[in-house]
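Here are the chains, one letter per residue:
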Amino acid sequence: MLYVVIIFLFFSILLYFLLGGADFGAGIIELFTSTDNKSRTRRTMYKAIGPIWEANHMWLIIAVVIMFVGFPVIYSDMCTYLHIPLLIMLLGITARGTAFSFRNYDAIKDDKMQDLYNYIFVYSSFITPLFLGIVAGSVISRQIDPGATDYLSTYIFSWLNWFSVMVGFFTVALCGFLAAIYLIGEAKEQFDVKRFTKKAVIMNAVAVGFGGLVFIAAEHENVHLAHWIFGNPVSLIAVIAASLSLVLLWYLLSKGNTKVIRILAAFQVTMILVSVSYRHFPNIIMVKGGNNLSLLKDHAPMTTINDLGWGLLLGSLLILPALGYLFYSFQTKTKQE
Amino acid sequence: MNDFIAARSQMALSLGFHIIYSCIGMVMPVFMAISNYKYIRTNNPLYKHITQAWSKGVAIFFATGAVSGTMLSFELGLLWPKFMEHAGPIFGMPFSLEGVAFFIEAIALGFFLYGWDKFNKWFHWFTGIVVGVSGVVSGILVVSANSWMNSPAGFDYVKGQYTNIDPIKAMFNAAWFSEALHMTIAAFAATGFAVAGIHALMIFRKKNVTFHTKSFKIAIAFGAVAAILQPLSGDLSAKGAAQRQPAKLAAMEAHFHTEPYSKLLIGGIPDTVNKKVNYGIELPGLLSFLVHDDFKTPVNGLDKIPQKDQPNVPVTHYAFQLMVAIGMFLLAIGLLYFFALWKKREWLNKSWFLKLFIAATPLGFIAVEAGWTVTEVGRQPWIIQGVMRTSEAVTPMPGIHYSFYLFTLIYFTLSLAVVFLLSRQIKMVPELYDHN
Chain A
1 MLYVVIIFLF FSILLYFLLG GADFGAGIIE LFTSTDNKSR TRRTMYKAIG PIWEANHMWL
61 IIAVVIMFVG FPVIYSDMCT YLHIPLLIML LGITARGTAF SFRNYDAIKD DKMQDLYNYI
121 FVYSSFITPL FLGIVAGSVI SRQIDPGATD YLSTYIFSWL NWFSVMVGFF TVALCGFLAA
181 IYLIGEAKEQ FDVKRFTKKA VIMNAVAVGF GGLVFIAAEH ENVHLAHWIF GNPVSLIAVI
241 AASLSLVLLW YLLSKGNTKV IRILAAFQVT MILVSVSYRH FPNIIMVKGG NNLSLLKDHA
301 PMTTINDLGW GLLLGSLLIL PALGYLFYSF QTKTKQE
Chain B
1 MNDFIAARSQ MALSLGFHII YSCIGMVMPV FMAISNYKYI RTNNPLYKHI TQAWSKGVAI
61 FFATGAVSGT MLSFELGLLW PKFMEHAGPI FGMPFSLEGV AFFIEAIALG FFLYGWDKFN
121 KWFHWFTGIV VGVSGVVSGI LVVSANSWMN SPAGFDYVKG QYTNIDPIKA MFNAAWFSEA
181 LHMTIAAFAA TGFAVAGIHA LMIFRKKNVT FHTKSFKIAI AFGAVAAILQ PLSGDLSAKG
241 AAQRQPAKLA AMEAHFHTEP YSKLLIGGIP DTVNKKVNYG IELPGLLSFL VHDDFKTPVN
301 GLDKIPQKDQ PNVPVTHYAF QLMVAIGMFL LAIGLLYFFA LWKKREWLNK SWFLKLFIAA
361 TPLGFIAVEA GWTVTEVGRQ PWIIQGVMRT SEAVTPMPGI HYSFYLFTLI YFTLSLAVVF
421 LLSRQIKMVP ELYDHN
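First to last, the sequence lines map onto chains A and B. Going left to right, the first sequence walks through residues 1 to 337 as my numbering numbers them. Going left to right, the second sequence walks through residues 1 to 436 as my numbering numbers them.
Calculated from the structure, these hints are not laboratory results. Cβ coordinates follow ideal geometry from the N, Cα and C atoms, glycine included. One thing to keep in mind: the hints can contain errors.
[Stated by the list, open to error] The following label-pair restraints were derived from C-beta to C-beta distances:
hint, chain 1, residue 1, chain 2, residue 2, range
1, A, T332, B, Y37, 23 to 31 Å
2, A, P233, B, I40, 16 to 24 Å
3, B, R41, A, S316, 33 to 41 Å
4, B, K344, A, T332, 34 to 42 Å
[As the list claims (entries may be wrong)] Under the rule of at most 27 Å between Cα atoms (straight-line distance), these lysine-lysine pairs were calculated in the BS3-like manner:
hint, chain 1, residue 1, chain 2, residue 2
5, B, K308, B, K275
6, A, K297, B, K214
7, B, K206, B, K121
8, B, K344, B, K38
9, A, K109, A, K198
10, A, K112, B, K427
11, B, K239, A, K288
12, B, K427, B, K206
13, A, K297, B, K159
14, B, K38, B, K48
15, B, K344, A, K297
16, B, K206, A, K109
17, B, K38, B, K159
18, B, K344, B, K207
19, B, K214, B, K344
20, A, K109, B, K48
21, A, K288, A, K38
22, B, K217, B, K38
23, B, K82, B, K169
24, B, K239, B, K169
25, B, K118, A, K109
26, B, K121, B, K214
27, B, K427, A, K109
28, B, K48, B, K121
29, A, K188, A, K109
30, B, K350, B, K427
31, B, K343, B, K355
32, B, K355, B, K217
33, A, K259, A, K198
34, B, K217, B, K343
35, A, K188, B, K118
36, A, K109, B, K207
37, B, K308, B, K214
38, A, K259, B, K159
Chain A on its own, in the form it takes in the complex (with noise of 0.2 Å):
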């Protein structure tokens, strides 16, 4: 039953990652877009994630549940050592959720409000994914110091360091990357998917910018983050797997494929997750010192593991079908609109 509660960590991860990074994205495109063509975006977007909006955020509450009830002590521990990006990226889910919402459930449209509820959005939708991506870098950055005794070392350098910041900014560029390809398919317009696609390309060419960074600072960090992915054999497959699917991508795209491209844009993401985190599972916080945390180790006693199992088990049976034919409506209505 333990493994079950990790593959829903997992998957709740890995899917608020996606959908709700496509969300984050879609807010990233609209800051990078000239002002001329920024409310046609939007109305694109809103069409897109509209009625899902709510529902792709939940995953993180999931996570969050699964990581206070199944494994509390890795969950007390980011709560103290990342006490201040955690919280950062707290008020950018708090900006941003209720920027959108607002702006479409304003009564009254006028520009002085709708501006305002569109700049809280942009820098919010930047912002969180941004600190999101320093949190997910700093568990695995050997930064996390519990010996230490000053506020500095202890409650800064955890997160701001390089390593932590690049995949911070590599996250953001990934957002970007998936919300573009995610909207190609819901663009009207010739011009807008020529638009997206672009951005797509941008979006792109920066993630790739940072990957490399990353890796840099890595080492700088020493963190031993190549070793880690080009190390093992699966961690090594899913690599050239990730980039395989981007040139394929790349090729679908120029062929005018928009449905394809989501799915290998998804299983991209997927595969860089899968790459890094396997080879350094079970242990999820890598901490100076050595003493690492792990899934497999540092966990609920097992009769909360097997209630909190067979909860998410049921839950997923009420909530996968219902979810699915939210995502399926949607999709087949606004067609026929």
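Add chain B to chain A, keeping to what the hints say.
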């Protein structure tokens, strides 16, 4: 401000705001589903407009409730890491189920808000019902987690170790039913009166009177029934507190001395130094009767509880008095409404009658906050009653007061934004819904 007080204030602030968003987020979908039902049945477009107007309110509150809930699930760890480290595996079960219920609510809300005229009307109506039901279930689950802190169960605590953990037993602890019942009824009462009050104000101003009258009727029916039922569940809660948390009950009543024919106290200013109450009305024997069903058996007072295990008496007492006073007032005007409906229909449009309900708009929520204060402050100094002290649970990170100031700013901004948006929604009612 020291870090411990800052952490407690931040938690209190976050929960204080979240409780409002989530009460409205779980009760308004029920109103929305009722008026949607009426629309499908009568085909009167007015009901469709009411449903749509309310659904916008629901969307605004759901979004705010969802983010403040996400924030809270992190704040538990950010502020109380030691508590979560030990309590997470024991009382986490309702949270994980709540995650499921909340997820379903979000999916159903997606269908409801964006599904007008796209689905079979009964399917669309059903998704609205699902929003309401899963909202109420979420609320019950979260309160059940809180009740575990008041009435810990499902583990053995031996020499500082938590063993024999049983999350299901923890979830169905002795206090869960009375607490969940009390909170659910409170949510209906507070939301019912708040929504009714806003519509009463619009009737009073003679704006879209038919629209607002129909809305008023649906909301007040729930609010009034809930207010009438609430004292029964309150009695259950108080009896439970007497049994499991004598310090809380004693603080609620400012009951300093254990003696036969224990007095029920109305009002009064507790003097904790001299251990007496000034200016209160004391009803001898009544507290004994309410707790033990006979007038003589003494109710344990604060003298039975070591000083270091006592909550803040004046705060708990005043909050309790405020909650009860408001509860009684809402009960009275709830009865008055039904009386008017039955015998004096003409009252319903009288300005004194409307003013009464306009005045009641915020009261239910003030009572909810007061009740929440009673249960939380009354549990102190414990975070897990009798097991872990709140001061042992707090994060070691210094500088929490900055985070508290930040959260204060955010919650006030958010609330201002919500009020602003709702007022604009109400202002636009004539333009948006008057074209039939």
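Do the hints match the structure? See the list:
1. A:T332 with B:Y37: 23 to 31 Å: Holds - the Cβ-Cβ distance for T332 (chain A) and Y37 (chain B), about 27 Å, lies within 23 to 31 Å.
2. A:P233 with B:I40: 16 to 24 Å: Distance hint for P233 (chain A), I40 (chain B) is violated at roughly 60 Å.
3. B:R41 with A:S316: 33 to 41 Å: holds (35 Å)
4. B:K344 with A:T332: 34 to 42 Å: violated (54 Å)
5. B:K308 with B:K275: Answer holds: K308 (chain B) to K275 (chain B) is near 15 Å, not above 27 Å.
6. A:K297 with B:K214: Not satisfied, since the Cα-Cα distance of roughly 59 Å exceeds 27 Å.
7. B:K206 with B:K121: Roughly 32 Å separates the two Cα atoms, so the pair is violated.
8. B:K344 with B:K38: holds (25 Å)
9. A:K109 with A:K198: Answer violated: K109 (chain A) to K198 (chain A) is near 30 Å, above 27 Å.
10. A:K112 with B:K427: holds (18 Å)
11. B:K239 with A:K288: violated (52 Å)
12. B:K427 with B:K206: holds (13 Å)
13. A:K297 with B:K159: Satisfied, since the Cα-Cα distance of roughly 23 Å is no more than 27 Å.
14. B:K38 with B:K48: Holds, because 8 Å separates the two Cα atoms, which is no more than 27 Å.
15. B:K344 with A:K297: violated (70 Å)
16. B:K206 with A:K109: holds (25 Å)
17. B:K38 with B:K159: Cα-Cα ~60 Å, so violated.
18. B:K344 with B:K207: Within the cut-off at roughly 23 Å; holds.
19. B:K214 with B:K344: holds (18 Å)
20. A:K109 with B:K48: Within the cut-off at roughly 22 Å; holds.
21. A:K288 with A:K38: violated (45 Å)
22. B:K217 with B:K38: With Cα atoms ~12 Å apart, K217 (chain B) and K38 (chain B) stay inside 27 Å; holds.
23. B:K82 with B:K169: Given that 27 Å is the threshold and the Cα spacing comes to 22 Å, the pair holds.
24. B:K239 with B:K169: Distance of about 21 Å is within 27 Å: holds.
25. B:K118 with A:K109: holds (25 Å)
26. B:K121 with B:K214: holds (21 Å)
27. B:K427 with A:K109: At roughly 13 Å apart (the allowed maximum being 27 Å), K109 (chain A) and K427 (chain B) satisfy the hint.
28. B:K48 with B:K121: Given that 27 Å is the threshold and the Cα spacing comes to 12 Å, the pair holds.
29. A:K188 with A:K109: Holds: K188 (chain A) and K109 (chain A) sit about 24 Å apart, inside 27 Å.
30. B:K350 with B:K427: holds (23 Å)
31. B:K343 with B:K355: holds (20 Å)
32. B:K355 with B:K217: Within the cut-off at roughly 15 Å; holds.
33. A:K259 with A:K198: holds (17 Å)
34. B:K217 with B:K343: Roughly 16 Å separates the two Cα atoms, so the pair holds.
35. A:K188 with B:K118: holds (20 Å)
36. A:K109 with B:K207: Roughly 22 Å between the alpha carbons, so the hint for K109 (chain A) and K207 (chain B) holds.
37. B:K308 with B:K214: Violated - the C-alpha atoms of K214 (chain B) and K308 (chain B) are around 54 Å apart, more than 27 Å.
38. A:K259 with B:K159: violated (59 Å)
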